[in-house]
Amino acid sequence: MSNNYLLDLRFGVKRADGYVSDIWRASTTRLGDFHLGTSSIAGVEEYRFNKSGLCRSAHTGANGAPAALRDRAGFRWRRAATPARGSGRASRVAWIAFPTDYLSRPTVEDDGEILWIDAAPGCGATYVEFAYAAEPEEGIRGVLDIMQDRTLVRCAALPNGENLVIFCYHADWENKDLRVPGHGVVADVLFSAADPLASGRPLRHRLGPAPKDGEAVLLLEMGGVAVTN
Amino acid sequence: MTAGVRRIIHVDMDAFYASVEQRDDPALRGKPVAVGGQPGSRGVVAASSYEARAFGVRSAMPMARALRLCPDLVIVPPDFPRYRAASQQILEIFRSCTPLVEPLSLDEAYLDVSFNRWNEPLATSVAKRLKQRIREELGLTASAGVAPNKFLAKIASGWRKPDGLTVISPGRVEAFLQQLPVDALWGVGPVTAGKLRKIGIQRLVEVRTADPELLRRAVGSLAGILKRLALGDDPRPVVPDRPHKSSSSENTYNDDLLALDAIRAEIERMARQSAAWLARKELLARTVTIKVRYADFTTVTRSHTAAAPTRDAGEIVARALTLLERTEAGRRPIRLLGAGVHGLAGDEAAIGAPGVLKFED
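Protein chains in written order, with the numbering used here: chain A, 1 to 229; chain B, 1 to 361.
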């Protein structure tokens, strides 16, 4: 772990047959910022949650910036304030859904430093959520114990006395084929649980709306394959 | 902390009464069928097959109108004992999975399968198994909605019919809400929807940002509930085995009653008592029942079940008095009279029922 980080966690979601998500990195700096990002053959995507409450996203294409954008471009918003200590509440700032039937055949070796979260059964999705809480870690663990269906991944102390809480759970998911058109510029991308081309879904993409002030980042990560007809 | 993720299923049998009739009488299969009263006796449609729905025939519609829409409509009188038997079988299937089963009527129920006896980790798998068992054991189809709460599960079950399964994952709730019209909200019937549209609210999510005072003026005390539901927030638990199954009262008279006016007055009084009880308990009833014991101890009961539940005193009284006409009251001395309501449901049943606008004027 770099000295600049209080938390530096690499994680992903993995199915029993070895199919995986992209590998994500969640880190907190000594200044109290929280960074969440992933890199894949599609490039780097990063979400930065500044200690001031200001947030921004940044995207970098591995093969250069997206055609219409500068090298780093994204959106900005302000996250919801952390609820006061004693409220028993937390403020979710990001959540990622990994539908199990859209995970991908692994293409890189596991270097052993990745926390693999067990994927939900088929027709399910694994959700990983990130929240700020002013409650002490013990209280957070107590609440999650009561809820039973959520697993604490990490509880990282921040310099201002708050905690960044990372937890996961399994939920239902409805599998539907999705074809994103390339409009003749690039190939269409097919996201299919059935994977009719037996491709292993090598292209992993993240979809989600731009958050408005006070909202959490919601991302859906799915694997697909380029199709030409 | 955020609330736990619940796994709620709403199961809605497809055209239940009509499907039971078509299952049991092969001659009805593939034909437009309406279960209900004859048009000559001011009958209404209690249920219609999908073949009949293609002609626009809907529940609670006067049968005479249904016949005008579909001249080849086959009208079948309701056989509630048979529907109840099928409903009991379905509930047994549900309860083999979870004790948290909340029937809303003979043909729909909520299930909380967050923890279930089948050890299925996800509600989708449970819903698939339920649908399969209903098909195999009863020869009927059901549509199911899977969601983190009751409000969303109920909308989801109606999303694809018949034989549908719609799943709303927590991360998809917002996208689902965004596409709903305002009258998808619980309690919003045509009148309330009209009022909301007058203040510029067309879509459900627009309730969130509506001016609170305008909203309150438009829909009164419903405003707060609407705001919560527009956010997809519905913490109500699945409540199995409602404590109240029915309400009735009866009275045995010292002197036998023969005068019809007096008998009618007694039935009206008891029916009003039941309506008042429903109002106090915030419940609705589909069935009105009366009981008449003649002087020779012969006892008859008469009941009427409407497609739409109600707690309206006038309606309950009118139905009880109509039932009285099907007895020999006024012609034979009577020693005991009773009236009551059953087939109870919470307000949510009224919202889903045709013709009932719970929050309307």
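The hints are simulated quantities; they were obtained by calculation from the structure and are not laboratory data. Predicted, not measured: the structure shown is a model, and the values here were computed from it. In this text, a Cβ means the ideal position worked out from N, Cα and C, and glycines have one as well. Take the hints with a grain of salt, since some may be wrong.
[Said to hold, decoys possible] Distance ranges between label pairs, derived from CB positions:
no.	chain 1	residue 1	chain 2	residue 2	range
1	B	Pro-235	A	Pro-159	49 to 59 Å
2	A	Ser-39	B	Asp-233	49 to 59 Å
3	B	Arg-84	A	Gly-142	45 to 55 Å
4	B	Lys-281	A	Arg-76	44 to 54 Å
5	B	Asp-211	A	Arg-56	42 to 52 Å
6	B	Gly-139	A	Arg-76	21 to 31 Å
Outcome of the hint check:
| no. | hint | in the structure |
| --- | --- | --- |
| 1 | B/Pro-235 with A/Pro-159: 49 to 59 Å | violated, 35 Å |
| 2 | A/Ser-39 with B/Asp-233: 49 to 59 Å | violated, 36 Å |
| 3 | B/Arg-84 with A/Gly-142: 45 to 55 Å | holds, 46 Å |
| 4 | B/Lys-281 with A/Arg-76: 44 to 54 Å | holds, 52 Å |
| 5 | B/Asp-211 with A/Arg-56: 42 to 52 Å | violated, 32 Å |
| 6 | B/Gly-139 with A/Arg-76: 21 to 31 Å | violated, 58 Å |
In this structure, the earlier hints numbered 1, 2, 5 and 6 are contradicted, and the remaining ones agree with it.
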